[in-house]
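Student: Once you've looked at the hints, dock chain B against the given chain A.
Protein chains in written order, with the working numbering: chain A, 1 to 366; chain B, 1 to 600.
Worth flagging that the hints you see were computed from the coordinates, not collected in a lab.
All values derive from a computational prediction rather than experimental measurement.
Glycine is no exception: its CB is placed at the ideal position from the N, C-alpha and C atoms.
Please note that the accuracy of each hint is not assured.
Claimed, not checked - 16 Å max Cα-Cα, derived EDC-like pairs, lysine to aspartate or glutamate:
| hint | chain 1 | residue 1 | chain 2 | residue 2 |
| --- | --- | --- | --- | --- |
| 1 | B | K574 | A | E366 |
| 2 | B | K545 | A | D208 |
| 3 | B | K545 | A | D212 |
| 4 | A | K365 | B | E572 |
Said to hold, decoys possible - Just a few of them, taken from the derived set where beta-carbon distance is under 7 Å, the chain B residues facing chain A:
| hint | residue |
| --- | --- |
| 5 | M525 |
| 6 | D550 |
| 7 | G557 |
| 8 | K571 |
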Amino acid sequence: MQIYVHIPFCKRKCNYCDFCSQTLGVEREYIDALIEEIKIQGQKYGDKVVDTIYFGGGTPSVLQEGMLKEIVNALELNFNLQTIERSIEGNPESLTIDKLREYRACGFDRVSMGVQSLDDNVLIKAGRLHNSKTAIEAINNAMEIFDNVSVDMMIGLPEQTMQSAVDTAQKLVVTGIKHISCYALILEDGTPLSKSVNDGVVKLPNEDDCADTFDEVMKILSSAGFLRYEVSNFAKCGFECRHNLGYWHRSEYLGLGAAAHSLIDNTRFCNVSNVNKYIESINVLQTKNNNFQIIKNELTNDEISFEKIMLGLRMTEGIPKSYFSGFEEQLETYSEYFVTNSNGNIALTKRGYEIMNTILCDFIKE
Amino acid sequence: MKSEFIRNFSIVAHIDHGKSTLADRLIQNTGTVSVRDMEEQLLDNMDIERERGITIKLQTCRMIYNFKGQDYILNLIDTPGHVDFTYEVSRSLAACEGALLIVDATQGVEAQTLTNVYLALDHNLEIVPVINKIDLASADIEGVKKEIEDVIGLDTSEAPLISAKEGIGIDDVFEAIITKLPAPKGNREAPLKALIFDSFYDSYKGAISMIRVVEGTVKVGDHIKMYTHDKVFEVVEVGYFTPKMKPATILEAGEVGYVAASIKNVGDTAVGDTITNADYPAKEPLPGYKKAQPMVYAGVFPSDGARYNDLKEALCKLNLNDASLSFEVESSLALGFGFRCGFLGLLHMEIIEERLEREFDLDLVTTSPSVSYRVTKNNGEVIPVDNPMNLPDPSNIDFIEEPIVKASIYTPPEYVGTIMELCQEKRGIYIDLTYLDKTRVQLIYEMPLNEIIYDFFDALKSKTRGYASLDYEIKGYQRSDLVRLDILINGDACDALSLIVHREKAYARGRRMAEKLKDVIPRQMFEVPIQAAIGGKIIARETVKAMRKDVLAKCYGGDITRKKKLLEKQKEGKKRMRRVGSVEVPSEAFATILKFDSDK
Chain A
1 MQIYVHIPFC KRKCNYCDFC SQTLGVEREY IDALIEEIKI QGQKYGDKVV
51 DTIYFGGGTP SVLQEGMLKE IVNALELNFN LQTIERSIEG NPESLTIDKL
101 REYRACGFDR VSMGVQSLDD NVLIKAGRLH NSKTAIEAIN NAMEIFDNVS
151 VDMMIGLPEQ TMQSAVDTAQ KLVVTGIKHI SCYALILEDG TPLSKSVNDG
201 VVKLPNEDDC ADTFDEVMKI LSSAGFLRYE VSNFAKCGFE CRHNLGYWHR
251 SEYLGLGAAA HSLIDNTRFC NVSNVNKYIE SINVLQTKNN NFQIIKNELT
301 NDEISFEKIM LGLRMTEGIP KSYFSGFEEQ LETYSEYFVT NSNGNIALTK
351 RGYEIMNTIL CDFIKE
Chain B
1 MKSEFIRNFS IVAHIDHGKS TLADRLIQNT GTVSVRDMEE QLLDNMDIER
51 ERGITIKLQT CRMIYNFKGQ DYILNLIDTP GHVDFTYEVS RSLAACEGAL
101 LIVDATQGVE AQTLTNVYLA LDHNLEIVPV INKIDLASAD IEGVKKEIED
151 VIGLDTSEAP LISAKEGIGI DDVFEAIITK LPAPKGNREA PLKALIFDSF
201 YDSYKGAISM IRVVEGTVKV GDHIKMYTHD KVFEVVEVGY FTPKMKPATI
251 LEAGEVGYVA ASIKNVGDTA VGDTITNADY PAKEPLPGYK KAQPMVYAGV
301 FPSDGARYND LKEALCKLNL NDASLSFEVE SSLALGFGFR CGFLGLLHME
351 IIEERLEREF DLDLVTTSPS VSYRVTKNNG EVIPVDNPMN LPDPSNIDFI
401 EEPIVKASIY TPPEYVGTIM ELCQEKRGIY IDLTYLDKTR VQLIYEMPLN
451 EIIYDFFDAL KSKTRGYASL DYEIKGYQRS DLVRLDILIN GDACDALSLI
501 VHREKAYARG RRMAEKLKDV IPRQMFEVPI QAAIGGKIIA RETVKAMRKD
551 VLAKCYGGDI TRKKKLLEKQ KEGKKRMRRV GSVEVPSEAF ATILKFDSDK
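Just chain A, with the same shape it has in the complex (with noise of 0.2 Å):
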């Protein structure tokens, strides 16, 4: 099993962003219910063996030191742990040295850093609150302390332009960080920079601009031997993120926090995403022993079927055939988008990556 906690909180909220995180304030409280709801699951699911742990959000790093051991003690009391890979995220203004070390302390050994891009203009139109200086000390430093780093970078921002995101990319790739995540930014409804697109005060790079860049930046990435092993990240042989890799093959996992999600005996369940509501949840748990998750769903065979495809293609290690049993008149329609791997999987062509949403809608059953 995996489990991945949730830390909603950040200095600031970027413009674009519509992930469940709020700034500080009740980190405190939070915290308190965490470890409460850990000692809850932990009667449930204690003697499931985690194999990776996983600290998201918001920004982890935004809390003070002393707390996140809080939680990782708690963890480390109530579930069995026989990890192989201890990941946290953090931003480069929060990553200092003392913090690191604290990190590495709990049993950390994977660092991730939302670096976005090093165009200071781009930072600052993104409301990033780092610069490219900045990011390369946080990187090196990271490095310092931990042997697996890992940098997220966008495409798509407002004013990058590809000159602009392969330069990002070039820098990055000889600092000597081993896994790059790279996403082309998502407009999601309600979030500001969405606004400020629909009233045309912002313009982003059009689809074949951010297609192309894509492209580029995937270029410099192999040639430095980042080989691409999902839809959207690339690592150096043996660094590629096991935690991630448990959801595309459909590992169970336990998500514990606001908004944190699951996955057990073919089940998936959610938490409530409202903070302050979670740590409301979570003290009357307590007193009355209710569940407090929102939204279960047990997954049906149909359901299942299309997961494992919907998820098991997204990496580039592909699928066994026997996934597509039930599928084969959509695998002859799209046959020109799938390939065989020499380990006998099928997987997605490059082109298949581009347009694999349109695909995969044919995989749905009715």
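Tutor: The following block gives chain B in isolation, referenced to the frame of chain A:
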């Protein structure tokens, strides 16, 4: 009531000259409807009609008015006032002996004033001119009287001067109706002859025939039969309109009312048919009406193919109350199964579409409106073609003829230049220009009907700030250099988008359609060429680039449920698309293309 005390009349006028308002007043003044129940413009009882300020439906109302101590029955048959509905007007006129011709004192004689007068004269009706809106500051009573006398030739010395809105002069109208319009003739002892001038479907009583009894009588229990078929029905109810249905014991020659005879099938009470008594039938039927000629055709398809039967039912129901709507089954590769419908004109088409959408909750895709062409093939055969897809191969065609109309346009002189330009642009040929008076010019142009049906009326109104009015009538057919413009999407011809156009116009039209389609067709998995073609020759080309990115960039533990839903939604969206060969096109795209104006 003796025939001599009955008057059957219609009110005819150009749009907005006050026909409906006067009808309201007449009904109100005779106390037919209580003040409480009176709703403004009572007789326009459809929402669409109210919204557009026009009348579509015929309504009938019996009123009782006491004149010099004698009660009279006055049967008002309401009529629509738009150029499209000439046929509807003629049906109601056939049930009358006379008509009130209303002329707006501030506007004078206008296009439909004349059309309606000619129609009334065709039916040998006695016409009483009535001058309305005399209370307005810009009213020119003497000027309008003179105009009526000069242009129409009616004596206006005793014409009632009224303001329907303010209720002035209404009694004069009643007096004119009673003293100037003839009473109906007809022998009540003779065998029954009743003309069906309209019908509608009542969910409890079945098909109701609205009739004018010409000879004889009809009452409950009688066995009646229609001349066009020999089915016999037993009369369950007779009555008249107030305007709601009010049962009576008997309807006699000279009267107007309705018959309910448990007629289940709409088709059994055909408008124009004669009803007679099955036991004592009349020897001959009454002269029938001219069958309405559709001027404009369009393919009407349900957006959701599964609702084909709903559309069929809806059209049948509308047809009962609208004999001028014609339709037959049509199928399109792109749009599936639907109907080719014939309409009296563009307004008629828009109203039917709106009624289908509103009253029957149907989501529709309609093809571009087209007219009926006459094609002479090389082997001498002459065939009518109203669906572009039925045009024979050009190599088999000797020549094509298109319907030409005589368009009469009435306008203030300052717009004459603009209007002439517009008509020329629409392949019009100048015929005549007459100054009716200082402020009004009558322009006559001969123009192809297919240039008028689309947006000519709107362009005319907008270029003249609403002052111009239009009337047209079919003049005949004329040879033209017409071709079929086809649209190919990824090499496959899309039948729903084909058009018959004049060769000179084809290039520009084809280019514009290709441009518009390029914007409206979503990117596909591959590049899609869009071509406009005449015969085999490509005259315009645009390209829809292939989709570059359609992928979920992020999909981690917390995203999976949400992203699955997104994909499901995407799949639902794809289901509603139309397929043109291998290309998916949303229904909205068709609607946009088919409605876009070729000359804007």
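Student: All hints, please: hold or fail.
Tutor: Taking the hints in turn, this is what the structure says about them:
Simply put, K574 of chain B and E366 of chain A have alpha-carbon atoms about 13 Å apart, close enough for the 16 Å limit, and the pair holds. Taken as a hint, the K545 of chain B and D208 of chain A pair is honoured in the structure, with Cα atoms around 9 Å apart against an allowance of 16 Å. With a C-alpha separation of about 14 Å, the suggested pair K545 of chain B and D212 of chain A falls inside the 16 Å cut-off, and the hint holds. With a CA separation close to 12 Å, the supplied pair K365 of chain A and E572 of chain B stays within the 16 Å bound.
Given the 7 Å rule on beta carbons, the hint for M525 of chain B holds: about 6 Å separates it from the nearest Cβ of chain A. Among the interface hints, the one on D550 of chain B holds; its C-beta lies about 4 Å from the nearest C-beta in chain A, closer than the 7 Å criterion. Against a cut-off of 7 Å between C-beta atoms, the interface hint on G557 of chain B holds, since the closest Cβ of chain A lies about 5 Å away. Hint status for K571 of chain B: holds, given a least beta-carbon distance of 4 Å to chain A, under 7 Å.
The structure is consistent with each of the numbered hints, conforming to all of them.
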